[in-house]
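Whenever a hint applies, use it, and build me the whole structure from the sequences.
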Amino acid sequence: GAVVSQHPSWVICKSGTSVKIECRSLDFQATTMFWYRQFPKQSLMLMATSNEGSKATYEQGVEKDKFLINHASLTLSTLTVTSAHPEDSSFYICSASTPPVEAFFGQGTRLTVV
Amino acid sequence: QKEVEQNSGPLSVPEGAIASLNCTYSDRGSQSFFWYRQYSGKSPELIMSIYSNGDKEDGRFTAQLNKASQYVSLLIRDSQPSDSATYLCAVKRITGGGNKLTFGTGTQLKVEL
Numbered sequence: 009g010a011v012v013s014q015h016p017s018w019v020i021c022k023s024g025t026s027v028k029i030e031c032r033s034l035d036f037q038a039t040t041m042f043w044y045r046q047f048p049k050q051s052l053m054l055m056a057t058s059n060e061g062s063k064a065t066y067e068q069g070v071e072k073d074k075f076l077i078n079h080a081s082l083t084l085s086t087l088t089v090t091s092a093h094p095e096d097s098s099f100y101i102c103s104a105s106t107p108p109v110e111a112f113f114g115q116g117t118r119l120t121v122v
Numbered sequence: 002q003k004e005v006e007q008n009s010g011p012l013s014v015p016e017g018a019i020a021s022l023n024c025t026y027s028d029r030g031s032q033s034f035f036w037y038r039q040y041s042g043k044s045p046e047l048i049m050s051i052y053s054n055g056d057k058e059d060g061r062f063t064a065q066l067n068k069a070s071q072y073v074s075l076l077i078r079d080s081q082p083s084d085s086a087t088y089l090c091a092v093k094r095i096t097g098g099g100n101k102l103t104f105g106t107g108t109q110l111k112v113e114l
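Protein chains in written order, with the working numbering: chain G, 9 to 122; chain R, 2 to 114.
Derived pair list, reagent style DSS-like, types lysine-lysine, alpha-carbon separation capped at 30 Å:
hint : chain 1 : residue 1 : chain 2 : residue 2
1    : G       : 49        : G       : 22
2    : G       : 63        : G       : 74
3    : R       : 68        : G       : 49
4    : G       : 28        : R       : 43
5    : R       : 43        : G       : 63
6    : G       : 74        : R       : 3
7    : R       : 43        : G       : 72
8    : G       : 63        : R       : 3
9    : G       : 49        : R       : 111
10   : G       : 49        : R       : 43
11   : R       : 43        : R       : 3
12   : G       : 74        : R       : 43
13   : R       : 57        : R       : 111
14   : R       : 3         : R       : 68
15   : G       : 49        : R       : 3
16   : R       : 43        : R       : 111
17   : G       : 22        : R       : 43
18   : G       : 72        : R       : 3
Here are some chain G residues the structure puts well away from chain R; computed CB gaps all over 12 Å:
hint : residue
19   : 30
20   : 32
21   : 63
22   : 84
23   : 96
Worth flagging that the hints you see were computed from the coordinates, not collected in a lab.
Ideal placement from N, C-alpha and C gives every residue a C-beta, glycine not left out.
Have a look at this one:
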């Protein structure tokens, strides 16, 4: 299957700082990437859809000014958690879509805000 | 009503048995269906995809789809302890809802020795 690389795999940051997470499709071009958040023992919740060259589409209840998404190229999307707080601690996962409509996931980023 | 429903489990089966995982969905416009396996602390990995009614087999895994009943299932034959994980059902509506997946909450499978 296609390879999606997500970096970093884990990060600890201080409350109030910003954290950037990268998602790269290594062997295909992804016009669409998705960002999910998963709290312990819960399912994946879609945060936003990232489209190359255009603004991201955020799901209801997700603050676009707090979770900044940039899809600079067909192989790279970034999620920046701005002014992070402990309640933002979660497992963040990206996925990239390529025809047929299957999604391949990155390894995930465990964010801990202290 | 949740868009994609799964029994959270845990579903316990003995090693070598068949594990049956079920999923129902509410959107009749759903056209693509996926099963993902997620180990604790890891991201999901695609196990099976199915797009038309009937069965689709891949090794020890068989996906079954019944669009009339809005039901999709995953059978795992000869279950192994390494199959112990959470299995996520996901559906996609190609039009209207864009290109995004909607996930169920997952079923935890435990394969016991």
